[in-house]
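Undergrad: Sequence:
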Amino acid sequence: MDEASPFFGPGSPASKVPVVARGEAIYTAVPETPAAPVRHLLGYEPFTSLCVALGVEPRQLATITTFGDFVRSHRDAVLDGGLNDAAAVFLGNVLVSYRFDAHWVRYGDHFPSAGTDEQAYEVLHLLALLMDSDDSTYRTCLEMIEGWAQPQPAEPTL
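So for the sequence shown, the working numbering puts the first residue at 850; every next one is plus one.
Everything labelled a hint here was simulated from the structure, so no lab data went into it.
Incorrect hints may have been included.
Pairwise CB distance ranges, derived in the manner of DEER restraints [as the list claims (entries may be wrong)]:
#	residue 1	residue 2	range
1	Gln968	Thr914	17 to 25 Å
2	Ala998	Pro862	31 to 39 Å
3	His974	Val901	22 to 30 Å
Ideal placement from N, C-alpha and C gives every residue a C-beta, glycine not left out.
When you get a sec, could you build the whole thing from the sequences and use the hints?
TA: Given below as C-alpha coordinates:
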(Lines of atoms letter the chains of each structure in order from A and count residues from 1; the text may use other names and numbers.)
(Lines give C-alpha, C1' and ligand atoms only; values in the text may rest on other atoms or scores of the structure.)
Protein backbone atom coordinates (compact mmCIF):
# COMPACT_ATOMS: atom_id res chain seq x y z
CA MET A 1 0.00 0.00 0.00
CA ASP A 2 1.52 3.35 -0.93
CA GLU A 3 0.87 6.49 1.07
CA ALA A 4 -1.62 7.94 -1.41
CA SER A 5 -3.73 4.80 -1.83
CA PRO A 6 -5.97 2.97 0.63
CA PHE A 7 -5.45 -0.24 -1.38
CA PHE A 8 -2.55 -2.67 -1.68
CA GLY A 9 -0.50 -3.21 -4.79
CA PRO A 10 -0.07 -1.21 -7.93
CA GLY A 11 -3.24 0.03 -9.54
CA SER A 12 -4.32 -1.01 -13.01
CA PRO A 13 -6.23 1.01 -15.59
CA ALA A 14 -9.65 -0.22 -16.70
CA SER A 15 -8.11 -1.38 -19.99
CA LYS A 16 -6.35 -4.18 -18.07
CA VAL A 17 -9.60 -5.64 -16.67
CA PRO A 18 -10.34 -8.99 -18.34
CA VAL A 19 -13.46 -8.91 -20.52
CA VAL A 20 -15.98 -11.73 -20.55
CA ALA A 21 -17.92 -11.55 -23.80
CA ARG A 22 -21.71 -11.49 -23.71
CA GLY A 23 -23.95 -12.26 -26.63
CA GLU A 24 -21.90 -12.81 -29.76
CA ALA A 25 -18.20 -13.46 -29.47
CA ILE A 26 -15.32 -14.11 -31.80
CA TYR A 27 -13.43 -17.17 -30.70
CA THR A 28 -9.73 -16.57 -30.27
CA ALA A 29 -6.91 -18.72 -29.02
CA VAL A 30 -6.30 -18.63 -25.31
CA PRO A 31 -3.09 -16.71 -24.66
CA GLU A 32 -0.17 -18.79 -23.42
CA THR A 33 0.09 -16.54 -20.40
CA PRO A 34 -3.34 -15.51 -19.13
CA ALA A 35 -3.72 -11.91 -18.02
CA ALA A 36 -3.06 -11.35 -14.34
CA PRO A 37 -6.24 -10.63 -12.39
CA VAL A 38 -6.79 -6.97 -11.59
CA ARG A 39 -7.08 -6.50 -7.83
CA HIS A 40 -6.63 -2.73 -7.62
CA LEU A 41 -8.42 -0.70 -10.26
CA LEU A 42 -7.52 2.94 -10.81
CA GLY A 43 -10.11 5.63 -11.41
CA TYR A 44 -11.31 6.31 -7.86
CA GLU A 45 -9.09 9.37 -7.36
CA PRO A 46 -11.86 11.99 -7.87
CA PHE A 47 -13.82 10.26 -5.10
CA THR A 48 -10.85 10.32 -2.72
CA SER A 49 -10.42 14.03 -3.48
CA LEU A 50 -14.01 14.55 -2.34
CA CYS A 51 -13.29 12.57 0.83
CA VAL A 52 -10.28 14.75 1.65
CA ALA A 53 -12.25 17.93 0.89
CA LEU A 54 -14.87 16.74 3.39
CA GLY A 55 -12.18 16.06 6.01
CA VAL A 56 -12.22 12.25 5.73
CA GLU A 57 -9.06 10.23 5.15
CA PRO A 58 -9.84 7.74 2.30
CA ARG A 59 -8.18 4.91 4.24
CA GLN A 60 -10.95 5.25 6.83
CA LEU A 61 -13.44 4.17 4.15
CA ALA A 62 -11.76 0.88 3.26
CA THR A 63 -14.51 -1.25 4.84
CA ILE A 64 -17.96 -1.76 3.41
CA THR A 65 -19.64 -0.28 6.50
CA THR A 66 -17.56 2.90 6.67
CA PHE A 67 -17.81 3.35 2.91
CA GLY A 68 -21.58 2.78 2.92
CA ASP A 69 -22.12 5.16 5.83
CA PHE A 70 -20.03 7.82 4.07
CA VAL A 71 -21.82 7.65 0.71
CA ARG A 72 -25.21 7.68 2.45
CA SER A 73 -24.20 10.79 4.40
CA HIS A 74 -22.69 12.51 1.35
CA ARG A 75 -24.98 11.19 -1.37
CA ASP A 76 -25.69 14.62 -2.88
CA ALA A 77 -21.98 15.50 -3.06
CA VAL A 78 -21.25 12.22 -4.87
CA LEU A 79 -24.13 12.64 -7.31
CA ASP A 80 -23.78 16.40 -7.87
CA GLY A 81 -20.04 16.01 -8.41
CA GLY A 82 -20.56 13.31 -11.06
CA LEU A 83 -18.49 10.93 -8.94
CA ASN A 84 -20.60 7.78 -9.33
CA ASP A 85 -18.01 5.96 -11.43
CA ALA A 86 -15.11 6.95 -9.16
CA ALA A 87 -17.05 5.99 -6.02
CA ALA A 88 -18.04 2.67 -7.63
CA VAL A 89 -14.39 1.88 -8.43
CA PHE A 90 -13.46 2.66 -4.81
CA LEU A 91 -16.28 0.39 -3.65
CA GLY A 92 -15.11 -2.41 -5.94
CA ASN A 93 -11.58 -2.10 -4.60
CA VAL A 94 -12.98 -2.40 -1.08
CA LEU A 95 -14.77 -5.61 -2.10
CA VAL A 96 -11.68 -7.05 -3.78
CA SER A 97 -9.58 -6.28 -0.71
CA TYR A 98 -11.79 -8.59 1.40
CA ARG A 99 -10.92 -11.85 -0.37
CA PHE A 100 -7.77 -13.29 -1.87
CA ASP A 101 -9.78 -14.81 -4.74
CA ALA A 102 -11.59 -11.58 -5.65
CA HIS A 103 -10.74 -9.50 -8.69
CA TRP A 104 -12.19 -7.15 -11.29
CA VAL A 105 -13.94 -8.38 -14.45
CA ARG A 106 -15.86 -6.67 -17.24
CA TYR A 107 -18.89 -8.31 -18.84
CA GLY A 108 -19.10 -7.12 -22.43
CA ASP A 109 -18.98 -3.35 -22.62
CA HIS A 110 -20.54 -2.84 -19.17
CA PHE A 111 -18.90 -1.06 -16.24
CA PRO A 112 -16.41 -3.40 -14.51
CA SER A 113 -17.69 -5.68 -11.73
CA ALA A 114 -15.81 -6.80 -8.63
CA GLY A 115 -15.97 -10.13 -6.85
CA THR A 116 -15.08 -13.76 -7.36
CA ASP A 117 -15.70 -16.17 -10.19
CA GLU A 118 -18.76 -17.39 -8.28
CA GLN A 119 -20.22 -13.99 -7.32
CA ALA A 120 -19.35 -10.63 -8.81
CA TYR A 121 -20.99 -7.37 -7.80
CA GLU A 122 -22.08 -4.78 -10.34
CA VAL A 123 -20.55 -1.95 -8.37
CA LEU A 124 -22.52 0.91 -9.96
CA HIS A 125 -25.76 -0.83 -8.97
CA LEU A 126 -24.41 -1.70 -5.52
CA LEU A 127 -23.38 1.93 -4.99
CA ALA A 128 -26.91 3.09 -5.84
CA LEU A 129 -28.35 0.50 -3.46
CA LEU A 130 -26.06 1.63 -0.63
CA MET A 131 -26.90 5.31 -1.17
CA ASP A 132 -30.62 5.09 -1.86
CA SER A 133 -32.06 2.15 0.08
CA ASP A 134 -34.05 2.39 3.29
CA ASP A 135 -32.23 1.57 6.53
CA SER A 136 -33.45 -2.02 6.73
CA THR A 137 -32.38 -2.84 3.16
CA TYR A 138 -29.06 -1.06 3.73
CA ARG A 139 -28.30 -3.17 6.83
CA THR A 140 -29.30 -6.37 5.03
CA CYS A 141 -27.02 -5.44 2.13
CA LEU A 142 -24.08 -4.85 4.48
CA GLU A 143 -24.72 -8.20 6.20
CA MET A 144 -24.79 -10.03 2.86
CA ILE A 145 -21.51 -8.47 1.75
CA GLU A 146 -19.88 -9.17 5.11
CA GLY A 147 -21.03 -12.79 4.80
CA TRP A 148 -19.53 -12.99 1.30
CA ALA A 149 -16.30 -11.50 2.64
CA GLN A 150 -15.80 -14.22 5.26
CA PRO A 151 -13.09 -16.78 4.56
CA GLN A 152 -14.50 -19.63 2.55
CA PRO A 153 -14.10 -23.19 3.85
CA ALA A 154 -11.82 -25.42 1.83
CA GLU A 155 -13.47 -27.93 -0.46
CA PRO A 156 -13.35 -31.43 1.01
CA THR A 157 -10.87 -33.71 -0.69
CA LEU A 158 -11.59 -37.33 -1.39
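Undergrad: Taking the CB of Ala998 and the CB of Pro862, does the distance hold inside 31 to 39 Å?
TA: Violated, since Ala998 and Pro862 (Cβ atoms, about 26 Å apart) do not stay within the stated range.
Undergrad: Do the Cβ positions of Gln968 and Thr914 conform to the proposed distance bound of 17 to 25 Å?
TA: 19 Å, holds
Undergrad: So does His974 sit 22 to 30 Å from Val901, Cβ to Cβ?
TA: 26 Å Cβ-Cβ, so the 22 to 30 Å window holds.
The earlier numbered hint that this structure contradicts is number 2, and it is the only one.
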